[in-house]
Every structure is written in structure tokens, then in C-alpha cells.
Amino acid sequence: MNRREFLKSSSAAAAAIGLSGLPLPWSAAYAASRSDTLLLISENGPNNLDIQGVGTNRPGYEASWNCYDRLIGYGTKTLEGGGVSYDKDKIIPELAESWEVTPEAITFTLRKDAKFHDGTPVTAKDVKWSFDRSVTVGGFPTTQMAAGSLLKPEQFEAVDDYTFKVMIVRPDALTIPDLAVIVPCVFNSELVKKNATTDDPWGLEYTKNNIAGSGAFKVEKWTPGTEVLYVRNDDWKCGPLPALQRVIWRTIPSAGNRRALVERGDADVSFDLPAKDFAELKKGGKVTVASTPISNGMWCIELNVTKPPFDNVKVRQAIAYAVPYQQIMDAVMFGEAKPLFGGPSNMVETTAWPQPTAYATDIDKAKALLAEAGYADGFETTISFDLGQGITSEPLAILVQESLAKIGIKTTIDKVPGANWRGEMAKKSMPFMINFFSGWLDYPEYFFFWCYHGQNAVFNTMSYQNPEMDKLIDGARAAAAAKDTAAYDEDIKKMISLAWDEVPRIPLFQPYLNVAMQKNIDGYVYWFHRQLDYRSLSKS
Amino acid sequence: MLRNVVRRLAVIIPTLIGVVIVTFLLTRVLPGDPAAYFAGPTADAASIEQIRHNLGLDRPLPEQFISYVKALATGDLGNSLSTGQPVINEIRSRLPASAELTLFGLFFAIIIAVPLGILAAVYQDSPIDHFCRVVTTAGVSLPVFFTGLFFVYIFYYVLGWAPAPLGRLDVFFIAPPNITGFYLIDSLLAGDLETFQAALAQLVLPALTLGLFALAPIARITRASMLSVLSSEFIRTARASGLEPGKVIIGYAFRNAMLPVVTTLGMVFSFLLGANVLVEKVFAWPGIGSFAVEALIQSDYAPVQGFVLTMAILYVALNLAIDLVYGLIDPRVRMEG
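Keeping their order, the protein sequence lines are chains A and B.
Final position of the first sequence in our numbering is 910; the numbers increase by one with none missing.
Final position of the second sequence in our numbering is 320; the numbers increase by one with none missing.
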């Protein structure tokens, strides 16, 4: 039975059911609405529909993004290489119609026609409640809010029904960008409060399984681990009404099957493909493929500077010269990544980020540097990586291992299961890691704040602490807040140059986010959160 | 008979208590920190601690155990962090999916393996015996994920005969009203033949994959057991008395050869129920095996404990059922009490 017959028979069945009056109201609509329905497949589904919940996974962010509204959003721009991306420099209204920024506060005027899915109007007290919630519940949402200096409920004030004020506690260029990420979304406060309990005053249990928002889509049915079924919110006011009426999001764990489904034309969009499948699908030409460099993201080799011999900068540089960069690009990434090596100089000339180091594979130079450091005969160490990312990091580790053997460094490979990786990172005991990091907010000082700053956050796996670096990072943040472009550029260039010269972390490449879709799908936009936005998609 | 059942059930209780303790301890001994895992990408030490506290993982082990047992007594198996749902609901909705797949796979295996085993024994060293050998060797040696992907490639991707491997139902069908949890049965009960057909179409490939794997031990045991019975004296007598071959083979030989076959069936079934993880993964089947493995990878304790407990109960029940079936097949092993 082919697909057409399948659909035909199902609509016949649906009609028959409709006549017999059985309670299956959606069937007829389903079969008829194939052209307004998007079938999306990906490896994992959400574990929570609320980004402010405990341990919400990345697919959960997608549900939150599409079903809730924020005060403000990002505009889009066309990228040089084609394709459309969010624009970090263009803030557009969402629930807020307009806003006014003074050194003390940001005052938002809310649109008056926005309604939650249950029909209650969105007011400033809902915004206040939602923001209070995000800075109080702890965990990831609270950390993310803090990244924009949004720290405590006292900062937020509902002036009247449609005026909302955010007090500024310290000048921070990231405050406004941080208000446009997924976390500060607006909840229907009365609805959630009604379903809250004394143990759970913020109603996290309720929002885990129910949407209490005003966003462009509603979750009609969620079968955890299997499927999410969205319908469009026809009353959405915060932007142009989405073209898609329904989105069906199925979890397909097997990468091979995801590929078969999209190649056969049964699935409309396959999200987040492995590099190999992407390269082959592109060559096959049956489907449209889109790939966008993941903003503010890099794969790196990270060397723990508290563990000898990696405390010696010459040893780190020797390793940076021994990495088989091009081989990694070809064999691991199938050419589908942006190289971050072989640049003109480690003393960088631009503030572009991420940008390449001057390192390139040069075994003789590596040997010489190692000899200078007093390790002419090499040493032994362990390469660790997250098995959850094994599809990239495992072949990468093997190539690095082979290459290091050439300069006398003997390595064993330690595969750390996904569940343990974060814990191992926090311990800062691994000497040599292959790892990926990306920041939502696309600013170099944001990356450096997490990964190089002496505050020694969990992502500074190298335990790199250098007062000079801290001064540059803090300086860049202050300059950004003061809008002092010259000082900012100066600090950023110095900061990157210092990082490249001292190489506690050896950049390898900037990966792409890969998506395959049918040729009749239009309007794909890359987002910093690396999840799919259904609002701009259309199907012809 | 009834007293026997009751006595057997009484023996189960200590087994289950043991299972509860062991799984609780095992999941705690495993390396991995669920709090760090679920704290997300930009978590700092404080937020990890906060999540640890929310999950109750900062309390001493005995205290955690007591609250676990208390909850268990009320039928609460805890919450799964990876899907965000109560474990009991997950098991309730996923067990039928796995059971439907496994039973169907086993059904496939039986209708092929048993006749094949009998024929191979009756016509020993004939082409059919060699064929049986090839099939069973292939069944054991081909890993299920390979046969699964291979079937998908041939029957879905190349030929287009099979529906898209999208789980239990095509996306444009609605699951039948939940009565037994078995889509085939529920759709028939609802009188919805289209859904029945769609569910059956989705089931065929994964069940075949699983069946091919289960086929080998059943065919081998059937053949071996038939061979030994066929060479015994009462068969020679039956043949000498001029009984027709069909009656001799099915009526006398096979009935006597059935005991080991039933034992193997029981083992294969319980083994398949847990081991069809790979088939579930390949076919996006929302079953219990893939759920448990996912949970294990994420150090998500509650589903792992729930899964092991469910499996233990199933296994014990299955063994009991098989023992009772023995008695029906062969009066000589009927339990005395």
C-alpha cells in the first residue's frame, strides 16, 4: 500500500467514523490537512514543556519557544553563504509594543490585544510573576537570567496592566539580549497559580505537562518519548500568523531511519543531522539541506593547566602544532564545519568570533617545542571525551591519539558516559579533553566569561586562571555596557590573542547545525538556541 | 493445584524484596550524577546542588530507601526525569507496546521454527535439515539492529512495501481508545479496521526482525527434542503397528517433545521482552526496553528500578505459568502437593 492509498483510506475511515458518531473528532481534519501539517522528526523529544522546569532538555526548549511569547525577540538576517539566521543586533517587539531604556530601568509597554490560550489577556502582572519565577526557581533558568544581570524579584515591577519595568542593578550590555532568549517567557499566572501546590508554589509540575502561554502554537497532545502534536493558535497577535496549522513532531532514535524517512519524502523536516548524513544528502540532491555555523560554538581540545606537563605553555603549543587539523575536517566532519586553524597570526586583527588560530599541523615544530620544554622523549596522558557526543569526538580522539604518538606522547582514551561527563568536568581532574561549548548570547566576552575567566566556571575545564585575562574580559564587558566601541574592540582583540598564544584550549572547528527538508518547505531560520522555530515555516 | 499456586506465590515475595533492594543499591552505586546531568548546560555548582536537593539526592541512602519503599507501597514508582512522567504511567503505556511486539515476534518465530524443527528432525540430513541449519545460524549470528535496518532499507526505502518506520502508528492515524494497550486488539474492539490494518502494517517489520532472532533457539530445540523422541521405542512400535506417519509424528512424537520446547519458549519470551531494545530503537517503537536503556544512560534511577521490578514480576509470573502448562502437557511432571 503506498502512501496515497494510505491517506485516502484513512480519510475514508475518518469519514466513516464521523458518520457513526464515534468520539474521534480529529481524524477527518488530519487526513485533509496534510498540506498545512508539518511532520518533523528528530532524535529526541522533550521531557518537559517548560524551560523553567527542573532538568528540561534541549527539545523541551523548542516546545517552550514555540508555545510561549517573550517581551522581545530577535529579527532575522540573510547570511553571506545563503540561508537565514536570527540577528543578534536586531531586537524586535513580541509581547512588548515598545520599550524605553534609561540608565536606571527599562520600561516596556505591552500590546493590549495579546491573549493567553485560554482567552485571558496578557498583562504586566503575568510578566512580573513569570520573571519572579525565573529568578527564583533556581537551576538553569536562574543562571541564564543572571547572565543578563537579572537577579532578583525586586528588579521587576508591574506599573499598571500594560506597563512593565525592569530596574537595572548594574550596567550590562547583555540585559536586553538576555530578555529575548527562551527563559524569560510569559506564563498565564492565574492559571499556573490555580494549579500550584504548597510544595510547588511556582506550579512547575503543572507547566511540565501543560502549556500556560500565549504563543503561536499550542500543544494538543504530548506522548513523552514518542510524539508532540501542536496546533496553531489562531488568535496569536505577536507576529504574522504562521502558515502551518499543525506540527507533528515524532522521535526517531535511529539516524539511518531519519535519513530514509526524509529521502523517501515521508517526513518534511529532519532536524540536527550528523555531518556524514548531511554531506551525503547534499550530494544526493533529493532534499533541501541547510547548514548554519553554530554561533559562538567551538570544538576544542582542552588542556588542564593545573596538571603537569600542561602547565607549560610550550607543551600546549607543541600539542597545538601536532593536531591533524585537516584530517579531522575531512574524516570526522566530512568538510561540513568551519576550520578554526591556519589563520595568519595568533595576534588577531579583528574582533570576529570565533576566528582561527595560527596553528597548523607541523610535526617538526611540535617536536622542537616539546624538546625545549624538556619533554623530548614525550610523556603519557589520557584523552577524555563525552560518549554522548561520541559520533564526533570518538573518531576525533583516535586521530589526535595517532598524531600525538608521532611526537612521542602516548595516550589512552577514556570515554566518559554522558551522565557522568558534567560531573567529571566539574571535578576538573581530566588532563586532556575533547569538548564542545556554545553560548546562546553571541558575544566573545560571553564565551570567555564562561570558558577562560578566573572565576573558574564549570566550562573553564582547563582551570585557566590568568589575572591579565580576567582584566581583559571584565574590561570588555564594562566597555560594552558603556558603549565604548574602541576600548571594547581593543580588549576583545587582546583577549583572543592571549588565548590563542597561551592555548589552554586548542580550537579545532566551528560545527554547523544541519537540517534536511523537503523542497516544498520554506522559511527555515537558524536560531541561537539550535532548535526549530515553526512560526516562520511554510509548506507549499 | 490451587494450593500449589499459592505456595509458589508466597515464595515470590522474598525474591521481590531482594530485587527492590538490589536495584536500589545498584542504581546508586553506578557512576554518574543525575543532578549534574539535569542541571543543564550552563549550570554552576549552586544550581547543581539545588537540583540535587529537589531530587532528594542529598539525603542519606537509608532515608532515600525508606521513602522509596514507602512510595512503592502506594504504587508510586517515582518520576522519570528523562520523559518527565510518573514511571508507573510510562510502564503502563509502554509495556503493552513491547508485549505486543514481542508476542507477535514470537508468534512469527513459532509458526516458522516449530514446523521447520519437526521437518528437520523427520528428514534428518535432507536439504530441509540443512536449510534449518542455515536459517538458525543466520538468526543467531545476524545482530537484530542489522536485520532491522536491512529490512527497513529493502522493504521501506527501496521497495516501498512497508510503511514508514515511525513507531506504532502512521502519523495520520489516531491511537485506538485505550482498553488493553494492544493496538491490534483495541482497534478491533473499537471496530476500526483501518487503524487495525495500519497498526498491523507497522508491526510486521519489527516483529519479523525480532522473530528471526527468536527463531533459532526454538527451531534447534524442536529439532533436537524431536530427534531423541523419534528414536525412542514407542515411536518404533507405533510405526511398526502401521499408524499413519502424521499421527505418529504429531500425535505421539511431538506431544512428547513439547516440554523442552515450552521451556525454551518461556525463556525466549522473557529474554525478548527485555532484549528487544535494539528493535525498538530502529523502529522508533515506544517500548519499555528502549525507555529503560535511555534512563540508564542518563542515570535516571526511578525508571530503571521500575523496569527491573516489572521484569522481575513478569519473569516470576511467566515461570509459574510455564510450570502449570507443563502439568497440562505431561501428567508425569504434574506438581504434587
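Heads up, some of the hints might be wrong.
To be verified - The following label-pair restraints were derived from C-beta to C-beta distances:
hint: 1; chain 1: A; residue 1: Val539; chain 2: B; residue 2: Ile280; range: 50 to 56 Å
hint: 2; chain 1: B; residue 1: Ser50; chain 2: A; residue 2: Val683; range: 32 to 38 Å
hint: 3; chain 1: B; residue 1: Leu13; chain 2: A; residue 2: Arg634; range: 36 to 42 Å
hint: 4; chain 1: B; residue 1: Thr57; chain 2: A; residue 2: Ala722; range: 57 to 63 Å
hint: 5; chain 1: A; residue 1: Gln697; chain 2: B; residue 2: Phe128; range: 52 to 58 Å
hint: 6; chain 1: B; residue 1: Ile280; chain 2: A; residue 2: Ser908; range: 45 to 51 Å
hint: 7; chain 1: B; residue 1: Ile162; chain 2: A; residue 2: Val539; range: 31 to 37 Å
hint: 8; chain 1: A; residue 1: Asn579; chain 2: B; residue 2: Phe128; range: 29 to 35 Å
hint: 9; chain 1: B; residue 1: Asp59; chain 2: A; residue 2: Phe704; range: 44 to 50 Å
hint: 10; chain 1: A; residue 1: Gly712; chain 2: B; residue 2: Ser50; range: 41 to 47 Å
hint: 11; chain 1: A; residue 1: Ala701; chain 2: B; residue 2: Leu13; range: 31 to 37 Å
hint: 12; chain 1: A; residue 1: Val539; chain 2: B; residue 2: Ser50; range: 35 to 41 Å
hint: 13; chain 1: B; residue 1: Ile162; chain 2: A; residue 2: Ala516; range: 28 to 34 Å
Unchecked claim - Simulated coverage check for chain A against chain B, where a stretch passes if three residues somewhere in it have a Cβ under 8 Å from a Cβ of chain B:
hint: 14; stretch: 594 to 601
hint: 15; stretch: 624 to 631
hint: 16; stretch: 797 to 804
Don't read these hints as lab results, they were simulated from the structure.
Positions of the beta carbon are idealized from the N, C-alpha and C atoms, including for glycine.
For this session: Could you tell me which of the hints above the structure violates, numbers in ascending order?
Result: 1, 2, 5, 6, 7, 10, 13 and 16
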